[in-house]
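S.K.: Note that the working numbering numbers the sequence shown so that position 43 is 48, with each residue one more than the last.
Read the hints as simulated data drawn from the structure, not as lab findings. Hints may be right or wrong, so weigh each one.
Unchecked claim - What follows is a set of in silico ranges between Cβ atoms, one per label pair, in the way DEER data are often shown:
(1) Leu124 - Gly81: 26 to 32 Å
(2) Glu120 - Asn65: 50 to 56 Å
(3) Glu64 - Pro160: 55 to 61 Å
(4) Leu60 - Glu134: 38 to 44 Å
In this text, a Cβ means the ideal position worked out from N, Cα and C, and glycines have one as well.
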Amino acid sequence: MTESNGQNDNHDKTAAAAEPVVSKPYVMPDDPEPNSVEALQKEAADARDRTLRTLAEMENLRKRTQKEVADARVYGVSKFAGDIVDIADNLQRAIDAVPADAKESADAGLKAFIEGVELTERSLLSALEKHGVKKIDPTGEKFDPNFHQAMYEVPDASVISGTVVQVVQAGYTIGERVLRPALVGVSKGGAKAAPAASE
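From just these sequences and the hints, can you work out the full model?
M.R.: Below, the structure written as structure tokens:
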């Protein structure tokens with residue numbers, strides 16, 4: 006029996022020697038061991054990068070919000086101002102409806118009434134200007150489709166072609182934007198406008 010025990014011991018030693026010894030798994034250099042200095046440095050760099058990105062996003066958000074607030078201050082009254090300029094147009098129509106010779110020969114009461122309407126129109130336009138709304142009177146200017154809307158052409162050889170010769174309805178701007186384009190009559194048939202220097 007001792008011989009069989011000896012064989013078993015030898016067999017166990019051979020079997021143990023035949024099994025490969027498993028060592029620690031290989032770690033890629035890009036993936037440092039947890040809690041190592043490299044891992045902590047990488048984690049700190051990632052946190053710093055995220056923090057910088059967050060700060061940049063917050064700064065962009067702050068600037069965007071400031072611009073939106075500034076635009077709201079300037080352009081927030083656009084709809085209201087659009088309704089008010091119609092009132093200014095009606096006041097102008099009332100003033101234009103009275104012929105010049107009738108103004109001169111009118112009695113004191115009618116003159117006071119006409120002056121009151123003119124004063125009301127000036128006051129209204131002044132209040133609009135205080136809030137950034139300006140009247141456009143492009144008579145004699147070169148036609149600009151950004152600010153004017155051509156209603157018709159006027160054949161006039163004495164004026165450079167493309168010049169505004171009549172204003173049907175005044176236009177208005179609010180800040181840098183057009184609140185309402187001026188409705189105009191544009192000259193046709195005169196000399197061509199000189200090309201711009203940039204062209």
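S.K.: Now tell me, hint by hint, if it's right for this structure.
M.R.: Evaluation of the provided hints:
1. For the hinted restraint 26 to 32 Å between Leu124 and Gly81, the CB-CB distance of approximately 28 Å keeps it satisfied.
2. A C-beta distance of roughly 55 Å is found between Glu120 and Asn65, which places it inside the suggested range of 50 to 56 Å.
3. In this structure the hint that Glu64 and Pro160 lie 55 to 61 Å apart at CB holds, the actual value being about 58 Å.
4. At about 41 Å, the CB distance of Leu60 to Glu134 agrees with the hint of 38 to 44 Å.
Every hint from the earlier list agrees with this structure, and none is contradicted.
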